[in-house]
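J.: For the protein sequence lines, the chains are E and R, in the order given. Mapped onto the numbering used here, the consecutive letters of the first sequence carry residue numbers 1 to 546. Mapped onto the numbering used here, the consecutive letters of the second sequence carry residue numbers 1001 to 1369.
In case anyone wonders, no lab produced these hints; they're calculated from the structure. Just so we're clear, the structure is a prediction, and the values are computed from it rather than from any experiment. Among the hints, erroneous ones may be present.
[As the list claims (entries may be wrong)] Chain E is faced by these chain R residues, among others (derived, beta-carbon under 10 Å):
#, residue
1, L1039
2, G1043
3, N1047
4, Y1065
5, T1079
6, T1086
7, L1090
8, Q1125
9, A1171
10, P1173
11, I1189
12, P1190
13, L1212
14, Y1325
15, G1326
16, L1348
Glycine included, each C-beta is placed from N, C-alpha and C at the ideal position.
As a plain string of letters, each chain reads:
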Amino acid sequence: MSTITGRNALVSGKTSRYEFVAGGMIAVSALLFALGVASLFEFVTLTDPIAGLPTVTVLGGLLVVIGGGVIGLGGASRLELIETTPDRSAGLVAAGVFGSLWFGIGSVVGTELLGIGGSGGLVPGLLLGGGAFAVTVLTREDISSTVPAGVLAIFAGAVFLAGVLGPGWSWSPGSFPSDNAVTFFPSVVVPGSVLLCSLLVGWASAKAYAGFGARGRHLGAHVLIYLNALAIIAVLFGLVGFVVSKGAPTAFTGFTIGLGVGPEVTALGVSFSLPVSWPFLMNGASVFVKIDGILPAVVGTVWLVIGAVLFAVPLAVGAAVFLAEYADEGRFTSVVEVATNGLWSTPSIVFGLFGASFLIPRFGGSKSLIAGMLTLGFMLLPLVLITSREAMLAVPDGYRDASAALGVSKWQTIRSVVLPAALPGIVTGVILGVGRIAGETAPILVTMAGGTLPAGSETIDVIGGFEFISTPPFVTNEALLEASSALPYQLYALITAGLGGPQFEDAPFSALDFAWANAFVLLTVVLSFYAIGIATRYYFRRKLNR
Amino acid sequence: MNLLPRRRAVHWIVLAREFFDETSVSALVTLAVGTVSLLSSLGLFLNASPLTSVPLLVFLVSITYGWIRHRELTARAVTMAMTASTILILALIVVFIFVEAWPIFDVARAEVFGISVPGLRLFTQAEWAPRSAERYSLLPLIHGTVMVTVVATLVAGPLGVASALFVSEIAPPTVREIVKPGIEILAGIPSIVYGFIGFTIISPWASEQFDLVGQGTYLFVGAVVGLMALPTVVSVAEDALNSVPESMKNGSLALGTTDWQTMTTITLPAAFSGVSAAVLLGVGRAIGETMAATVMLRNSPQLPEPLYNVFYGYDTLTSAIAAQYGEATGNQLSALFAAGVVLFITVLFLSIGSQLIERRMKRQLGGQE
């Protein structure tokens, strides 16, 4: 026992130095990863020098350093200079990753650089890949998770340092025909390999930091999973921020607030001017207005959503009531469940085809607003049905029993107990569903699409369109039978019309700006539905939990 | 002959007799009038008759009367009719897209062992030439869909499962409150906006970086579609992970394992069917994704060379429908509907498959709760 205490003092000193090195390696890997992302998005140009050295040389040097470092960590653990708890092997997943990476490198080198034709070029790949796989599976974990990653980083770093990937370098696979040719340039290959190596080395160093074994795997996996979550959130914010920064300036062109600056509207026989003027949303697109806008598309989307909600929500909530309250589990309910889930996953373009073949011939024979409304209603139905049913099933049975004990009928229980309790869930489902269908393009593309750039006079007027006649079907509405535009469709129409042309001669923006502003408005509308839906759910959940 | 169906029939007759005995005559009449008028308005609508509104009006009157006099029965009958509408809609979708697709199946017959199989030629030759030769083939479209879906699954599968693990097992509560709605909002970004960004930013960038002939690659369409399928994978997989009983996880942790060991040896294996159902649903989403592919691809159905060349993207089943529907007539239109049929069947099978898997998981875990 005394020898162990004696060793422990020594080991703890070494361990802390070892941990320091491993931590440093993780930090350098993170730095390299950031550099790789920056150079992929061309924030850092590969030809510019960093601190007097060419960027590629700096990256190559860092790769060699971390590659050597991580092998050193693994070696130190293997030679038992420090106390770690490695398993017998790094496992099949790591072996598969390393094996396929080295297989790829070997095959490319074999077929392209050594010039071995046919499938013979895969021999070096198979040798290298098999070797990496065998090393990873057969050696102890501290060697098997560090050495393949470290050698890869050193290999990439050495290639960078040797200046092979200079400005004039390029490689295109010889087996691809000229009209399907692909060429790889350093501007993609360098950031790509830096990202890959830094990920692998960062993972291996994280394992080394925690001393391999169960704790090592835990830390290595957590590093990757945290990075993944961070990347997804970064992509989300990046996308939204990008669209806002590109589209908002155009969308707010000429935006003013003040008494009487807006267009004149008539409501209840009184006409007055709106206190807000927002030309992009309040104008159509024509030569008569200075700032072209997307009013017809906005109004079209509003009517689409209203129509779809009026059609689908009562149907869906009614069906959910039946499924949750009346029906016994049986063949009928399981068929309904299959049908609902089938509808949920049916592609939107198939709904469009259905609308085009089923609804259009029955509503005047041409693309129309009502065909679009009903098609989107069909899509909304399963979304609302599934969430409403879940909300009703989540209402505790005690509520129903208490109500039934008062001697009221089943429907009264549903109406005054179950529905109010399930309302937050239903409302959230409706809002999220509406958010989804408001952004759908494919179904309305084939069922109600209008012109590319409708003028303000083409704005659809549904309320004014109703007419009552004495023969069946008694009510007609010309506006519902007309084609209309909508926000997502208009964006598609702008893209297919080509974004380069000078369509707006007198407007202060180009066609491309106009399309970005359109995308911005569409994204704002859809994401507001999502934000409201998520906030509602959050609010009610907190209220319930309190 | 067979005892079981007869017994079931007797059971039904007894139930029906009870129902008739218990229900008043006026309620039965209302029910009958409502049912007949609803069915006849449906029939008239299918025949595109302007008289549709007459039985519809009768139906509305009958349920209003029923609502006042026999509320219980009416509520039950009306909600049941609403439930049946989901089955009806699915059936109508099947019938209508099949009917529209039939002409091309009839034209594109091919002989196998002397039997003429309708539609086989759509899958045996690879040329899509609507104008010059009136030749249609779904092969290039299916190839495109497979390429996009494989790339999308490689993106959405691992990243989605990792995110689901993060949200359900790893993240501290405050981080979860940010990440979870964030992933949901990612699902909300309309596909045309992804497509627009892809068309204006990613496609030109890829063409320049890889020195391609023209614009449009399966690789980047697949990556974008994978990003769009990701939220589906995350939310379904998270549900599956959450449904693993807490006692199982705690039992493992009590043995002194790390979080990660518990996840890989207990939680993931227990939730394996749910997680694979999530990935299947994500695959279904990726197959059906339309607008991003339409806008970013070249919209000229053909096979790239070599077949695994992900840097050239021509057309998928969905994008061909969206891009060509406007000007298609006759057999071309019918061929587009055939593409819709292939899509619909594939996705329906994925949906049913994932439901069966999920049901199995619920059964397995149900015994341990």
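J.: Would the hint on L1039(R) be counted as holding, given a Cβ-Cβ threshold of 10 Å to chain E?
T.: At 17 Å from the nearest chain E Cβ, L1039(R) fails the 10 Å test, so the hint is violated.
J.: Under 10 Å, Cβ to Cβ, is where Y1065(R) needs to be relative to chain E, so tell me if that hint holds or is violated.
T.: Y1065(R) check fails; min Cβ-Cβ to chain E is 16 Å, beyond 10 Å.
J.: Tell me if the interface restraint on Y1325(R) is satisfied: Cβ within less than 10 Å of some Cβ in chain E.
T.: This hint holds: Y1325(R) lies near chain E, its Cβ roughly 5 Å from the closest one there, short of 10 Å.
J.: Let's test the interface hint: is any C-beta of chain E closer than 10 Å to that of Q1125(R)?
T.: 20 Å, violated
J.: Under the criterion of a CB-CB separation shorter than 10 Å, is L1348(R) in contact with chain E as hinted?
T.: Since the shortest Cβ distance to chain E is 5 Å, the answer is holds.
J.: Verify the interface restraint on P1190(R): the C-beta must sit less than 10 Å from at least one C-beta of chain E.
T.: This hint holds: P1190(R) lies near chain E, its Cβ roughly 3 Å from the closest one there, short of 10 Å.
J.: Closer than 10 Å between Cβ atoms is the bar; does T1079(R) clear it against chain E? Give me holds or violated.
T.: T1079(R) check passes; min Cβ-Cβ to chain E is 4 Å, inside 10 Å.
J.: Would you settle whether the hint for P1173(R) is holds or violated, based on the nearest Cβ-Cβ distance to chain E being less than 10 Å?
T.: The hint is violated - P1173(R) has no Cβ within 10 Å of chain E, the shortest such distance being about 12 Å.
J.: When the nearest CB of chain E is found for N1047(R), is that gap smaller than 10 Å?
T.: Hint on N1047(R): holds, closest Cβ of chain E at ~9 Å, below 10 Å.
J.: For the hint on L1090(R), does the least C-beta distance to chain E fall short of 10 Å?
T.: 5 Å, holds
J.: Against chain E, is A1171(R) within 10 Å by beta-carbon distance?
T.: Holds: closest Cβ of chain E sits about 7 Å from A1171(R), inside 10 Å.
J.: Quick check on the hint: G1326(R) CB to chain E CB, less than 10 Å?
T.: This hint holds: G1326(R) lies near chain E, its Cβ roughly 8 Å from the closest one there, short of 10 Å.
Checked against the numbered hints given earlier, the structure breaks hints 1, 2, 4, 8, 10 and satisfies all the rest.
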